[in-house]
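K.L.:
Hints given; two lone chains; assemble the complex.
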Amino acid sequence: MLTYISIIVTAIFINNIVFSQFLGICPFLGVSKKTSSALGMGAAVTFVITLATVVTWLLQRFVLDPLELGYLQTIAFILVIAFLVQMLEIIMKKIAPSLYSALGVFLPLITTNCAVLGVAILVIQKGYTLMESVTYGVSTSLGFTLALWIFAGIREQLEITELPKGMQGVPIALICAGLLAMAFMGFSGIKIG
Amino acid sequence: MANKWKLIYNGIIPGNPVLVLLLGMCATLGTTSSAMNGLMMGIATMVVLICSNAVISMIKSVVPDKVRIPAYIVVIASFVTMLQLIINAYLPALNATLGIFIPLIVVNCILLGRAEAFAGKNGVVDSICDGLGCGIGFTFALTLLGAVRELLGTGRLFDCVIYPEDYGMLLFVLAPGAFLALGYLIAIVNKLRNLK
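Protein chains in written order, with this note's numbering: chain A, 5 to 197; chain B, 19 to 214.
Looking at chain B on its own, in the form it has when it is part of the complex (with noise of 0.2 Å):
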């Protein structure tokens, strides 16, 4: 069972795959004008990514060899696609916010990537570990990502008004600030790794 639990933080924290790996910069990017935003689209991908990383790892010993990495991709895109019907369904308001980023989970290198390294050279039950604490790991750093630019931005927190609008930089819901949060975080990680 320690096993299992060390799984699970190895991606939350040493292996965390944005502010250490630095995987999946583009839906980090494009969807953290908000935490809840950040938060909603990290669970979507954790979602996906403990699906086909039990998928993947339950058909490992039937792939040939030389074609796993597009059977990788047909697993995830099947669950994007049920995870898309879904989200259009029940929740037609998050479609609309996270828009083409939906369908991107497909190409986010944390699926194929976790794939590849761990689903396709572990048994299940660990591989559903793997999933969660990399998911958990992402999920986190998109909703502190989108926190600091909502915060900073708006004045606001998960939409609970922290200061007047009117002292927010505006600058950090918009593009360049996405850039700018992010570079300042991974710099901090940086800095805290150094220390260790």
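The following block holds chain A by itself, in its conformation from the complex (with noise of 0.2 Å):
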């Protein structure tokens, strides 16, 4: 038990994935001027993440290894989260239409995000169990929506602020990364276990 807490706390604070490990930096950039959208946006990447996650354990544990193609992994595991997202789509469009019209516009985005790719890789070198992975990846994107959010927020502030003309828009949205990066800081120093 005491493993996935650790997992928990530790992927959506201390390691968050925007904040320490530097993954889903352009959505994270670009989708993130609105609180509705970045909600919208993190539901969308917490579901492909961990259908990806589980997809991928499997592939690695009863397809790759075994036929010792551990050296495919990168083509093979792009390929089935561009696949997931493809179907994703198409599933979605036919059974839940208004949740397809909500999420539309980020699904297609999701496939060149690192974070889904660096998950799934992640969970493969860390050596975690099914069970372990999938706690990982949500956990994880829970962490992702975290950051989505609070940055949206401090965002939409920022709108309204007067600033010299070379600061507006990225540079200081990154400056303000950076501000709330070294908060994230703080929670390095919890220890669980």
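Mixed in with the good hints, there may be bad ones.
Stated by the list, open to error - Derived contacts from chain B toward chain A, CB cut-off under 8 Å, selection only:
1. Leu40
2. Leu47
3. Leu200
Honestly, the hints are just simulated from the structure, not real lab data. Yeah, the Cβ is synthetic: ideal placement off N, Cα and C, and Gly gets one too.
P.N.:
Below is the structure:
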């Protein structure tokens, strides 16, 4: 039990995927102008990361490892993720059109989100079991959603702030992200187990 | 020939992938804890970019339009895998420092972006020049950011001591420093572009 709690707290706060591992920065900067779209993106990413982690873990364990095809990991994983995102889009269009239209814009973007491939490779490197991998995947994406949501709140305020011309847009966003990352460093003192 | 130089130049200064187009942020922030790491990551990405640009421009007439993105991704992923195996065999230390960011070159937006915007429409030689230009631009930005962070953080530049480490701000080597340094770099670039 303690392992799972440790994985969850570490993935959300201590090793936050955006602020300390630098994965998923593109959507973090791109889709964080409004809190509502930030939550939508977070939900879509959570869904895809969880699904992709399960599928790639099974692929690695039951196909790549027994056949000693470990070197095909990168190609196999990226194809599986691209395929999953495409499938998900088609299925959701049929089954849950309202959810599809809510997430619609964000879904195709997720294939190029390095957080998805990053988590899939990391759980293999860390040697997690399937349950641990799923826990890690879910809590990492919760950490991503949290980061995106906090950041969107800050950017909504930034919109109405007067800034020097060169600082507007991405530079000030990056500097705010730096300050947030500093705040998240405070969590690194937490020790579990 | 002048045309080729223009292609290369365009990738380095006016269309710099990191400082102007803001692509490939994850690798930029994640691997620039020192100037050397930034340089190595830049070169690794440049090699993949040149090779994938060349191959994609060769196969562009054979690939049906509908499946071009998956096809491009497979080409890029193959080159990344080759690079990963080569680095693993000959430069194990580099493999340890760059870690997960080597396989993640696959999802670097610069590669797919250049494939879609340039290599899928132009000839082989032009595409190689474009890849070279963008690669140099990317390497330049990463090395610059790495140098700034290393200098401010540890007082060293390419491992040569510039001032004693005690006066360094360790923050710049850690995660927040990456965001801060890149933010100010882009602000400076914006300022210079506004002056023109």
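K.L.:
Could you run down the list of hints and mark each one as holding or not?
P.N.:
Hint check results:
| no. | hint | in the structure |
| --- | --- | --- |
| 1 | Leu40 | holds (6 Å) |
| 2 | Leu47 | holds (4 Å) |
| 3 | Leu200 | holds (5 Å) |
This entry satisfies every hint, going by the numbered hints stated previously.
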